[in-house]
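Residues per chain, in single letters:
Number of protein chains: 4
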Amino acid sequence: MINVTIWNEYIHEKESEKVAQVYPNGIHGAIAEMLGKSGEYNIRTATLDMEECGLTDEVLNSTDVLIWWGHMKHSDVPDEIAEKVRQRVLAGMGFIPLHSAHLSKPFVKLMGTLCRSKWRENDEKERIWVIEPSHPICKNLPEYIELPMEETYGERFEIPAPDELIFISWFSGGEVFRSGCCYKRGLGKVFYFRPGHEEYPTFYRDDITQILKNAIEWAKPSEGPVPTLGHFEALENVKDKFEGQDESLKKHTYIK
Amino acid sequence: MINVTIWNEYIHEKESEKVAQVYPNGIHGAIAEMLGKSGEYNIRTATLDMEECGLTDEVLNSTDVLIWWGHMKHSDVPDEIAEKVRQRVLAGMGFIPLHSAHLSKPFVKLMGTLCRSKWRENDEKERIWVIEPSHPICKNLPEYIELPMEETYGERFEIPAPDELIFISWFSGGEVFRSGCCYKRGLGKVFYFRPGHEEYPTFYRDDITQILKNAIEWAKPSEGPVPTLGHFEALENVKDKFEGQDESLKKHTYIK
Amino acid sequence: MINVTIWNEYIHEKESEKVAQVYPNGIHGAIAEMLGKSGEYNIRTATLDMEECGLTDEVLNSTDVLIWWGHMKHSDVPDEIAEKVRQRVLAGMGFIPLHSAHLSKPFVKLMGTLCRSKWRENDEKERIWVIEPSHPICKNLPEYIELPMEETYGERFEIPAPDELIFISWFSGGEVFRSGCCYKRGLGKVFYFRPGHEEYPTFYRDDITQILKNAIEWAKPSEGPVPTLGHFEALENVKDKFEGQDESLKKHTYIK
Amino acid sequence: MINVTIWNEYIHEKESEKVAQVYPNGIHGAIAEMLGKSGEYNIRTATLDMEECGLTDEVLNSTDVLIWWGHMKHSDVPDEIAEKVRQRVLAGMGFIPLHSAHLSKPFVKLMGTLCRSKWRENDEKERIWVIEPSHPICKNLPEYIELPMEETYGERFEIPAPDELIFISWFSGGEVFRSGCCYKRGLGKVFYFRPGHEEYPTFYRDDITQILKNAIEWAKPSEGPVPTLGHFEALENVKDKFEGQDESLKKHTYIK
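One line per chain: the protein sequences are R, C, L and X, in this order.
Residue numbers for the first sequence follow the working numbering, so the first one is 1 and each next one is one higher.
Residue numbers for the second sequence follow the working numbering, so the first one is 257 and each next one is one higher.
Residue numbers for the third sequence follow the working numbering, so the first one is 513 and each next one is one higher.
Residue numbers for the fourth sequence follow the working numbering, so the first one is 769 and each next one is one higher.
By construction, these hints were calculated from the structure, which means they are not laboratory data.
You may find that some hints are simply not true.
What the hints assert, rightly or not - Quick list of in silico lysine to aspartate or glutamate cross-link-like pairs, EDC-like style, CA-CA up to 16 Å:
1. R:K184 with C:D419
2. L:K696 with X:D931
3. R:K109 with C:E271
4. L:K621 with X:D847
5. X:K786 with X:E808
6. L:K696 with C:D419
7. C:K440 with L:D675
8. L:K621 with L:E676
9. X:K877 with L:E735
10. X:K988 with X:D832
11. L:K696 with X:E926
12. R:K220 with R:E83
13. C:K365 with C:E336
14. R:K184 with X:E932
15. C:K440 with R:E40
16. C:K440 with R:D64
17. C:K293 with C:D463
18. C:K395 with L:E735
19. C:K365 with R:E40
20. L:K696 with C:E420
21. C:K329 with C:E271
22. X:K877 with X:E926
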């Protein structure tokens, strides 16, 4: 079974009645419930208010794929935790930042860029168009998904060009957004997925759940080689072969 | 004129007689001399031993392209300086880390990965093969460049897949290396270029100088739009149009 | 001066009064007029009704960048002409297919895929969003361009993932489209640009003209190396060195 | 079970005693034998000398992944067969051209470029370095594979930049080569893999077989959406909304 940890800031749900109505068990609870139906995953949740944000070494080291939702309190995640998450991704853990987690510390550190965008809360319609239908993350999807209301995000999204661009979103108010972005980083894989604003029931949808399941399967640790690094012996004693040429080369050919 | 700043750690040249013989004026001095021949650039140099590493706000803010050579003392560059360099790149400054600067703070921060590799000092031959001959960085180059002796680097190089892979190096001892890597990051451009170890006169070569000149031209700040970020108005009042549907949507369609 | 050849099918303008009103001198005439204002180019035009489609060897061999508009009569372009265009691109000529030229023979041959898409003629609004503001094709552009009415295209667009995705279009009817796509192919560069339906005055716009000018500058032949191909001598007599090992290797190590 | 068809030109093995000793049952036979050990595939073979090259509609339409080895007689494969293969790939079939199949008709058609390279038959050593260890095609591989003797290929390899570059080969004679190249084309996936010259027992190796198995798993048809194409209705009657503006727009705003 794949070990999935769902991390949630878990603040809106406690502070806003409107949000609490949509996500009474928190966004993490909704995602856990939807993913849990299949029995395919060993699911844990973790939130900002837990000790070490719920991301102890024990939890992180036994996590195959980490899903992350955060918005208002990115800066409350300690740098050391964010750095641990980054290191785990580089060592092979899958990472799926959702929606406003594009500004979360671990994602920003992994991208190297500022990751800002345009945004607007305006109850607009979003259409998520599939751009690469043969990608494993598009398994069992229709050619587009329509969300009746979502927060609007707009380009330019300050990210490195994705290794694979899977989805582009259309918003009724006039914007587009690269809303499904795949990255390989170190030995790990990162899938940024744009929806789900806290005020809309996006994470209860079967199609969104399908995407998360596909992304978990895609992002789980690979079974490839772990490269050796640092000093490395030559295939054979190359130096001896070239030794005789050294002085003349240095003196006549290209040293000044 | 393009404002080029050449940053050098400048330690090997002062501490090793062997290196001092090759680069009596420092690696920065050699690059400055070679680039200066054409009179095309406004060149400054900066070193680790200068105040603020020679990278004051005044210098950075008036730099179009920053070349960076570092090796032993990456950690002596203060985090704030490294962060300032990163921010300047994201705002449009070109950045050309050379050789062991693949482990420099600004490059690692911009990549998000660990950027380690294999290495060996063995006087091996390097052949730098042109992979994308139509790229502007390949202007006036032959199809490969042979360096009689260089430090060997080997894959796996822990970088994000380059936006454009321009050169691949062959080493006589059995390794390959992605030695010319282009990245767009924020509004800036980054070109990582693999050669020149401090013990070899690589930076006096005309072909290497040609590559640096091509890279400067490619990496200099663009004249494209500076995107607006943050809250952004809709094209028209989309919300009103959908307002009437809210409750039914929430109750019947896809809320639980 | 850059030699620009503008190829146009030139049928709609002769057969439809509505189109003739918008483009009395043909789409090629309008583009030629707009590009010609700066005096930077040596401009020729060619049309389907000319001998050899106006693309004789003499014309093609002296063309730096070929702009191509076609729609109804792609199949009337002889295969040999399309193949000549492809060969010229692979040898270094820039190629800029516009709008419905995504289904033109030379583009389809260069892509290898079918290049179909969704479409609708519905007088919708198009917003072309800049995704990579530091790319040379975005020089002097605003962050988006709004076309009050255009033909709508929609994903999925059956193209190889672009080497660089520069623009994404938003359409008021609910679609998105990768509308500025850069490819390196052989020694040549290809820029697919989505607008200009024949019924709208898109090609008279200054912003569209700016994009074409940027694309010409980007796509013009490079001055990089022309790689040698075919049989190629080894650096040194490698075979001799390994000769002695042949038989044992074959017998014992990995032959069955 | 995945339906794998192995196509082989099957000429060298019949005409050269040396090759016949290495591949007494043909290269296709060796690959079939190695892949067959696991019982995971439904394997068929097809050769140039069969009717329709063994690639009847029935065979092609029931093939999930097509492996292709060819060298001397690329031009003997009829254009219609090559086109059928291309169409099947674009419709979702996986395609794995091996070694000199980089010049096979189906691969060249799918790439759009000429796909030539340097080459030399010199019994050189090849080291295939893993560049993207987390890619599914690298499952259960070491960080590099050493082939004691192989035909040498060298860059520049005239291909579109791969969507994902998995392997780079080093050759003892001084060349490098992009030897593991992933492409998505239409709904299908293509993996070009550089080794095995007909004179060496490369296809009997367990590591090479592992790569082929990984590639089959990666390239098999996806279960993603099949996009609709052609005319497509708007989300709502957008045209009506903009209708009133037409004339003024055309007259005053941006028509000449």
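Quiz item: Hint by hint, which ones does the structure fall short of?
Solution: Violated hints: 3, 5, 8, 9, 12, 15, 16, 19; rest satisfied.
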